[in-house]
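Generate coordinates for the entire structure from the input sequences, incorporating the hints supplied.
There are 2 protein chains.
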Amino acid sequence: MSITLQDCQEKDRQDPLAAARDQFALPEGVIYLDGNSLGAQPKAALARASEVVSYEWGVGLIRSWNTASWFDLPQRLGNKLARLIGAGEDQVVVTDTTSINLYKVLAAALRQQAANAPTRRVIVSERRNFPTDLYIAQGLTEQLMAHGAPAFELRLIDSPEELPTALTDDVSVVMLTHVNYQTGYMYNMKETTALVHERGALTVWDLAHSAGAVPVDLVGANADYAVGCTYKYLNGGPGSPAFLWVNPVHQNQFWQPLSGWWGHARPFAMEPGYEPQKGISRYLCGTQPITSLSLVECGLNTFANTDMQAIRAKSLALTSLFIELVKQECADHPLTLITPTDANYRGSQVSYEHPEGFAVVQALIDQGVIPDYREPRNMRFGFTPLYTSFVDVWESVRILKDILDTRRWDQPQFHRRGAVT
Amino acid sequence: MSITLQDCQEKDRQDPLAAARDQFALPEGVIYLDGNSLGAQPKAALARASEVVSYEWGVGLIRSWNTASWFDLPQRLGNKLARLIGAGEDQVVVTDTTSINLYKVLAAALRQQAANAPTRRVIVSERRNFPTDLYIAQGLTEQLMAHGAPAFELRLIDSPEELPTALTDDVSVVMLTHVNYQTGYMYNMKETTALVHERGALTVWDLAHSAGAVPVDLVGANADYAVGCTYKYLNGGPGSPAFLWVNPVHQNQFWQPLSGWWGHARPFAMEPGYEPQKGISRYLCGTQPITSLSLVECGLNTFANTDMQAIRAKSLALTSLFIELVKQECADHPLTLITPTDANYRGSQVSYEHPEGFAVVQALIDQGVIPDYREPRNMRFGFTPLYTSFVDVWESVRILKDILDTRRWDQPQFHRRGAVT
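Read top to bottom, the protein sequences are chains H and W.
Numbering (my numbering) for the first sequence: 8 to 428.
Numbering (my numbering) for the second sequence: 8 to 428.
Don't read these hints as lab results, they were simulated from the structure.
Check the hints yourself; a few may be wrong.
The list treats identical chains as interchangeable, and a pair is accepted whether it falls inside one copy or across any two copies.
[Said to hold, decoys possible] Straight line, CA to CA, 25 angstroms or less: simulated SDA-like cross-link-like pairs of lysine to any residue:
id : residue 1 : residue 2
1  : Lys-50    : Ala-75
2  : Lys-285   : Gln-145
3  : Lys-285   : Ala-153
4  : Lys-285   : Glu-149
5  : Lys-408   : Asn-259
6  : Lys-334   : Ser-9
7  : Lys-50    : Arg-70
8  : Lys-285   : Ala-324
9  : Lys-285   : Met-152
10 : Lys-50    : Val-66
Following this line, the structure appears as structure tokens:
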């Protein structure tokens, strides 16, 4: 019994999140399946940007640090974000970039282990983790070793199943992305954290592809450190500042090394000696890009009338439908599903490898369907319950099928590689 | 022969930079003397913000990384900024925050010295340096020592005159702010760098209060590393991303430890191993806040029709006039000038200590004159040649005199301390 367009239309009629789409300014003629890379623009963002530029900056000038509460933004946005990731009050700040926040928490975790378990010298991660996470771990440990630290090892597993074996008694920190950017595989955060703790190590979770996409319960999982991104499923705007969470039991134990003025206990006393604030605010560093940071709030506000359970229900319905429709419509083509079919291990994206994945993605974009491509052969389709409809799924598979059936991708312009896709 | 309002009006008529003020949206009834903390809003910024939000984000979505050249912004803005600081082509990137960029270059400088001169363990700076610079040095060295590095020393001098004596043969890096945020004292960069090099150390210059305010010649001074701010005299917007310069002879020698994806030699190959780009781009780390970053260009564009020599000439005329007028009008009051009277050592601000400096500044703001206050007693008056007029100087001294003569500052509301002034 095949799935029809009418089935998809009916799903849209039944969708309790259907109205949420009105919050977004989506361009005409585009089906946007790349919210996992850059979330769509909330309509409210334009007015907010104008207010920040014209009024807060233009008229308020330096006074806006107080009068427009710029100084409280990292914590205020952190508290607004907290419920989406299962964090408590005053446990999250929005600041800097995911890479930089990862450096802060990884440095803090290594520092903690150096004090408590100095023979633990291994950082475990995945070879298919988002590369910047691995690069940051390399940059940090390379720096420490160059100045005399005993050797660290970055131990990369090839699949999540290898994790238990990798957790030998020299492991210091396990640094994982909760939902893998390539495959969409999602770890069970609670079970994984429990296993890591049982083996004496600490967890650093990257929530870049989780926050706003799947339910996360940092406190319930008793995680140690987490970072994540606001410009993907949280719709904060291009490159909007990232977030950072630290389990309160660890917060006050150590400095993080990016100890700038905003993390000081008395930032306006102008003291020459650093003393970190108590709590999560010690993870702040320098002055933040206020315009971009302010727009994060517009993204977070798009979640105001829903919760992560409702989003998860629709997300799984969308990704399942996409998988079923691709099976139904594109079975003759060399598409290899690399996303788990078991919903318990699936984030909010579906990825297929195709030998000509790059060109197929370019041909899709040319036809108004925007997924993205990641080397080596991966076509990623991201599903954003707040603005993706079931008919969008139908249409995108219909267009994919047409491109594959007609080999429309096999034109020179779809093979030219630019800097980013 | 006292200075009159008519003299100031005449100076405005003769001012070749007078027309530059039209580029800025300054609020009615305000004399803004805090461009050294947050530059005024270029009128072009509003339209640019709308374009980034509505069109580049809203319509272009992920495609704007290519089509709107987001990916080239750090280097493109760096090249636009270069002529204002005496840097060469492809030597500057605009990215992250001043604090974070300082961490990168200080880490690189220490790394370089650890390899070449491992017995040099001292970082020299000033006790009155901007505190975040000292905090970053503390955070970095504390981190290295906690992991086994031999001891570092942060040696703080109390005045620039102490520098030669402080440069013993164990000094690794001299980290100075070119123009001091409290006093406005300006180092002779060329002579100081030569002295530091003669003693076998490297220079790290913080240009936060220099870029766009005074002529800087990084290449001519043969400086080693520099960072600076775009939201002060460069008018880039609240908390806009900072800049970073590295002498080409050092660029490719070492990694900086914040080795995120954007600094990778092949950022889209998704390789698990980090390999830095050649050149200044290896100092990039994570994804940048595109809206805030884009607005930096509007600030830089306000310099399009002038050069730093013209700006310097007006800056010195403004600061000299202010000093003369305060002497003429406010001689009876306990104002202590802490800015050099010798123009060769003066930046673009004038600072006075006053026992009730905090309250006096609040009373000034209440009367529409906005300087700022820095603990313990420092009233800072910043002069921005692009939008400050000579009559502004006259008016601000007239109002200051009135506040002091009438003790208007001695009201309860002017003594209440908020988070930031």
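Against the structure, the hints come out as follows:
no., hint, in the structure
1, Lys-50 - Ala-75, "both (21 angstroms within a copy, 20 angstroms between copies)"
2, Lys-285 - Gln-145, "between (29 angstroms within a copy, 18 angstroms between copies)"
3, Lys-285 - Ala-153, "between (31 angstroms within a copy, 20 angstroms between copies)"
4, Lys-285 - Glu-149, "between (29 angstroms within a copy, 18 angstroms between copies)"
5, Lys-408 - Asn-259, "neither (55 angstroms within a copy, 48 angstroms between copies)"
6, Lys-334 - Ser-9, "within (10 angstroms within a copy, 89 angstroms between copies)"
7, Lys-50 - Arg-70, "between (28 angstroms within a copy, 19 angstroms between copies)"
8, Lys-285 - Ala-324, "neither (43 angstroms within a copy, 46 angstroms between copies)"
9, Lys-285 - Met-152, "between (29 angstroms within a copy, 23 angstroms between copies)"
10, Lys-50 - Val-66, "both (24 angstroms within a copy, 12 angstroms between copies)"
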